[in-house]
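J.: Sequence order for the protein chains is A and B.
FYI, the numbering for the first sequence is 1 to 64, going by full-length UniProt numbering.
FYI, the numbering for the second sequence is 1 to 406, going by full-length UniProt numbering.
It cannot be assumed that every hint is accurate.
Stated by the list, open to error - Derived DEER-like restraints, expressed as beta-carbon distance ranges: (1) B:P95 with A:V62: 22 to 32 Å; (2) A:D28 with B:R99: 14 to 24 Å; (3) B:D185 with A:D28: 36 to 46 Å; (4) B:A274 with A:V62: 26 to 36 Å; (5) A:V62 with B:Q146: 44 to 54 Å.
Unchecked claim - Which chain A residues face chain B? A few, computed with CB under 8 Å, are given here: (6) C11; (7) D30; (8) A58.
I should point out that these hints are in silico values taken from the structure, not numbers from a laboratory.
We treat Cβ as the ideally placed atom computed from N, Cα and C, and that holds for glycine.
As a plain string of letters, each chain reads:
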Amino acid sequence: MKITLDADKCCAAGQCVLIAPEVFDQRDEDGVVVLLDAAPPAAQHDAVREAAAICPAAVIEVHA
Amino acid sequence: MTMFTAPAPLPVEPPSGCPFGPPAAFAALRTTQPISKISLPDGSWAWLVTRYADIRTVLGDTRFSSDTTVHGYPLSGMTGGPSTRNRGFIRTDPPEHTRLRRMVTREFMVKRVEALRPEIQRITEELCDAMERAEGRAEGGVDLVQALALPVPSLVISLLLGVPYDDHDLFQGLTGTLLSRTVPDDEREAARAELRDYLDRLVTAKEADPGDDILGRLIVEQQRTGELTHDQVAAFAALLLIAGHETTANMIGLSALTLMRDPATAEKLRQEPALIRGAVEELLRFHSIIRNGPRRVATADVEVDGHLIRAGEGVVVAVPSGNRDESVFADADRLDVCRPNAQHHVAFGYGIHQCLGQALARVELQVVLGTLLRRFPAMRPAVPVEEIPFRTDMSIYGCHALPVTW
Ligand code: SF4
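Put together the whole structure using the sequences plus the hints.
T.: Dropping the structure here:
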């Protein structure tokens, strides 16, 4: 799995951080999403897909 | 041939006998006419969108504008007219929306809010102590709304903004008037003016002595550098105060009542406190207290599920309907605190305007409901449910009062 972000669109609602805290974080200055792990281990995949599905601004893209 | 029927107002009445149900008309609309027409207070009409998928489509597409000054915006009578002054960032579109929202996003990010958890717990325990000492518990009962549901979010947002808590009675009165469907327009205008005056004075005081709080930081970092005007700082204050007061308070009241009426679920949550996070998501889905929107106006012709919405036409999105959509939430009318996809709800909206304060609301709900379950296991309504005044007259659903005993 490979993850890419379009952080410019992020509205900093933080849902991704709640769902997959090992993969996503929020920047201290403005709460915008930060990718901690662009190729997370299999154990994280479900959480990442869930985060991508919930992200209100369609910021997170998951590539097989 | 289809019969012509004149659009009716937005449905607000819960199904008979169940105060927790979303307005009864939605279920039928979702199957027969998922995009229908409703009439607005000013005599015009707007599209009403009731299916989950269509709701996400509309709210996720920035061709639907949040700007109340755009011609055709479906005003509710509570949005305060299309005035350009003090609209607050929720009534703007990108790039202005992005610029303004980013000035406060860090204040509500997950880790900042998690750091507040002990303070929120402390506030909650103190209010519970006071409830235990309250007189009148045996007689009419103690009103959980006044004793706990309103003060927690109110204290927390006042603290974050730097508003003296002593002024909270003023806000609760004014926000109540602002969000009511039934008060006359001139009374609502007077409340709006009073709130504006108060915040104007507050911001002026903080310009002289900013302090370590959200308003202080906005003044130092944005107003003094010319990014924001005095009026815009006051608009931020109004938006965050109003949003911070009413929404979480009503979720607390409704959720507490739901758990009192469902002892098996309450017991399950007492046994396994870790379930509270999921339970809060499910309660958000189940209650969907935003009964009046969100609202948008199309800025281009947009097709939604094969239905053409033309530029200049208004759209009202029915959050309570989307959250009961069976195609997404199986057995949607049932409260299931272990529902695997509860967090897919649209109770906080969707798209770039999704609730800025959602992390804070989550922590407040988790703390307050967890504490109530632990400290008042025998709590129950002090009056029959038919006597509880539900807020069918308000744009945010809930109970006006909730007398409890234990
Ligand atoms: S869920 Fe989406 S919008 Fe929210 S912080 Fe994460 S990436 Fe940003």
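J.: Give me the numbers of the hints this structure contradicts, sorted from smallest to largest.
T.: The structure conflicts with no hint, since it agrees with every one listed earlier.
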